[in-house]
Amino acid sequence: MDLKKRVEQCLGPENFVVAMTECQGDLSVEVPKRNILDVMHLLRDTPDLGFNFLSDVFGVDNLDLNKPKKKPKKKEEGEGAEVEEESKEKGPLPPRFEVVYLLLCLERNERLQVKVRVEESDMEVDSLYLIWKASDWPEREAFDMYGIRFKGHPNLKRLLMWDEFSAYPLRKDYPLEGQGEERHLIYDD
Amino acid sequence: MGKIQAYNGGGWIATKLEWLINWGRKRSPWPLPFGTACCGIEMMCALAAGYDMARFGAERPSFSPRQADVLIQAGTINLKLAPVFKKIYDQMAEPKCVISMGACASSGGVFRTYATLQGIDKLVPVDIYIPGCPPRPEALLQALLMFIEKTEKSQPITHKKYSDLLVGT
Amino acid sequence: MNQNPTSQTSYESDNYVTINIGPSHPSMHGTLRIVAVTDGETIVKAEPDIGYLHRGVEKLGENLTYHQFIPITDRLNYCSAIPNNVSYEMAVEKLMGVEVPEKAQLIRVIMMELARIADHQVCIGILGVDLGAFTPFFYLIIQREEIYEIFEWFNGARLTNTFGRIGGVDADLPDDFEQRWEELKPNVRKANDETEKLLTHNRIWMDRTIGVSTFSPEDALNWGFTGPCLRACGVKRDLRIDEPYCMYDKFKFEVPVGKNGDVFDRYIVRMIEMEESIKIIDQAYKLYKEMPADAPLMARVPKVIKPPAGEVYSALESPNGELGFFVKSDGSAKPYRIRIRPPCYMMFQALPELVEGEMVADLIACISSLNVIAGELDR
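Chains as they are written, first to last, in this note's numbering: chain A, 1 to 189; chain B, 1001 to 1169; chain C, 2001 to 2379.
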């Protein structure tokens, strides 16, 4: 049976599927944040699916995607106010961050992307360390780069930046060339 | 003896002694290969059989800074590694020389980001810059030859900072 | 600056000594740091500390166009730059829905397999150097220089060859490739034979590598291992066969599988893979010669690449394992998010389990055999 139908059959009955998209053959399913551990157990243990290999875990910052697009033709002064009104009409913005899990079924060579949306106000997700130890460092890196905390992770510390670094570099509002956090680290002034 | 003087004030004995010291030093520059990234692989190729660096006296790559003459920085230094790099440089004994190999070490290279030090000359005084990404091993050998030339012309005794010690020679 | 032992490693005992290995140390892997708690010579706990070559590549990708990112991918696994380039190009081509012409795919296969031979040569050479066997390194490096000649003559650069374009390759193989390859092939085989004679049945080598850091297949899969290290544990998994790309399903080659997952098995798997790569290049070149001389090398792609909004993940079998790129586009000329899935990242995080109970010298052998390349690990 088609992978999409099998995933729907497995996760659908318990309302775990928020959205399902397909792009050039890659299937991506979004699940609610609080059910991620149950979803992973289901995806691994259902004989139909059997996703037993965790390939990667990482975060995505959707700040620029959620911003309403400014129309280039209108260059009046009131443009800012107009754009704000439009976004207020459409409702609250979708959650800013996403955590993406890439799963693989070794027997059938099928891949699946599982997504979880994380609000800026509540940045905690359950850690998958007890299911797959491969999530150890990728989750630390997601914490280091975005600030997403993983509950239950044995050693959630910064991985790639130094311990006293205070910002989260891969966020969209952090400039490419940094904000000068290294001054007290390497210069004597 | 004091009537024949070099232009910097040193006498005949001092300059001949200098020539002897430089002759001894230039024949064995022991490098400290601080290879971090891609330039490290080219440095490895320069140390290996194809482009042999041992024929210039760099036979013993010393990873201990106390025993090294030349610090060859091959690769990117990022901000997390910068204090370590400075410590290694400080532990080297005089006279020392720093060769900055590659674009990343000289100026940050392709990586103008939040995590990369834009050139090691922000931390340590650099003597020779080698451009390239990565530079060919022959460029590294040329840099070593430039270091040897520099050693030939250096003044371990008659430099003006030692002038108050040289009374009457 | 994280220079103190972490809370995980402060053991309260008079017998335990905490030693700090790196980030500047003679084992030429560059910038890895390990905080090891040892009881005499035996390791009780070894915790790696990485990030000393973190250059912000993923953030840089969000600020460059798709084509401008190709040279940056070179600098990831700098021992073999071509699979990095091809993996990224394949991800963008998948996102755009572009089909690469067959001749370009064959040229990609030839170059990738040459890069695989070069990577394994330097990995085995350095494994020897770390354990004290200098001679095989010199034999293998000379052959690697010959492969560099081919890269330089085709791409323009020895090490960081920005190979290929999004949609294919930019130039055809030169006319005397066949002559160069026929000259190179027996030399590579001779160097491999010399290395085998010096190492494989050497009493000292066997004592130092057999039984060191063994790993079971279940643990390896749980930790996310891929590539030669997973195959050495006994799991037959190779993306060239399981999820074929670039016409690999048309070639016949063996995939070596080990038994114990120790350092010796990883070394043997790499030696055999070099031989299999030579066979693949022969078959690919034979198919290439049958192509017409004016077959297209590039698919029709626009000058400014603006993929449709969406996100894909595409992976290939690099010399180290599964190297994947996740590319997310928002419809503009610059990628929205690029994520690089490095193979040695997953393997190095299992280091505490790999070396528990081993000696300090075995720790060096283990890291060398995992082929940890800091450019890929830290990006």
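The hints are simulated quantities; they were obtained by calculation from the structure and are not laboratory data.
Treat the hints with care, as some may be off.
[As the list claims (entries may be wrong)] Quick list of in silico lysine to aspartate or glutamate cross-link-like pairs, EDC-like style, CA-CA up to 16 Å: (1) LYS157(A) to ASP2172(C); (2) LYS1086(B) to GLU182(A); (3) LYS157(A) to ASP2330(C); (4) LYS67(A) to ASP2330(C); (5) LYS151(A) to GLU182(A); (6) LYS172(A) to ASP2330(C); (7) LYS133(A) to GLU2218(C); (8) LYS2236(C) to GLU107(A).
Since the structure is predicted, the reported quantities are computational estimates derived from the model, not experimental observations.
Hints, one by one, checked against the model:
Under the criterion of a C-alpha separation no larger than 16 Å, the hint pairing LYS157(A) with ASP2172(C) is inconsistent with the structure, at around 48 Å. Pair hint LYS1086(B) plus GLU182(A) holds up; C-alpha atoms about 14 Å apart against a cutoff of 16 Å. Taking the CA atoms of LYS157(A) and ASP2330(C), the gap is near 31 Å; set against the 16 Å cutoff, the hint is violated. Proposed proximity of LYS67(A) and ASP2330(C) is supported: the alpha carbons are some 12 Å apart, at most 16 Å.
A distance of roughly 29 Å separates the Cα atoms of LYS151(A) and GLU182(A); the hinted pair therefore is violated under the 16 Å criterion. For a cut-off of 16 Å, the pair hint linking LYS172(A) to ASP2330(C) stands: about 14 Å separates their Cα positions. The straight-line distance between the Cα atoms of LYS133(A) and GLU2218(C) is roughly 11 Å, inside the 16 Å bound, and the hint therefore holds. At roughly 11 Å between alpha-carbon atoms, LYS2236(C) and GLU107(A) fall within 16 Å of each other, so this suggested pair holds.
The structure does not agree with the numbered hints 1, 3, 5 stated previously, though it agrees with the rest.
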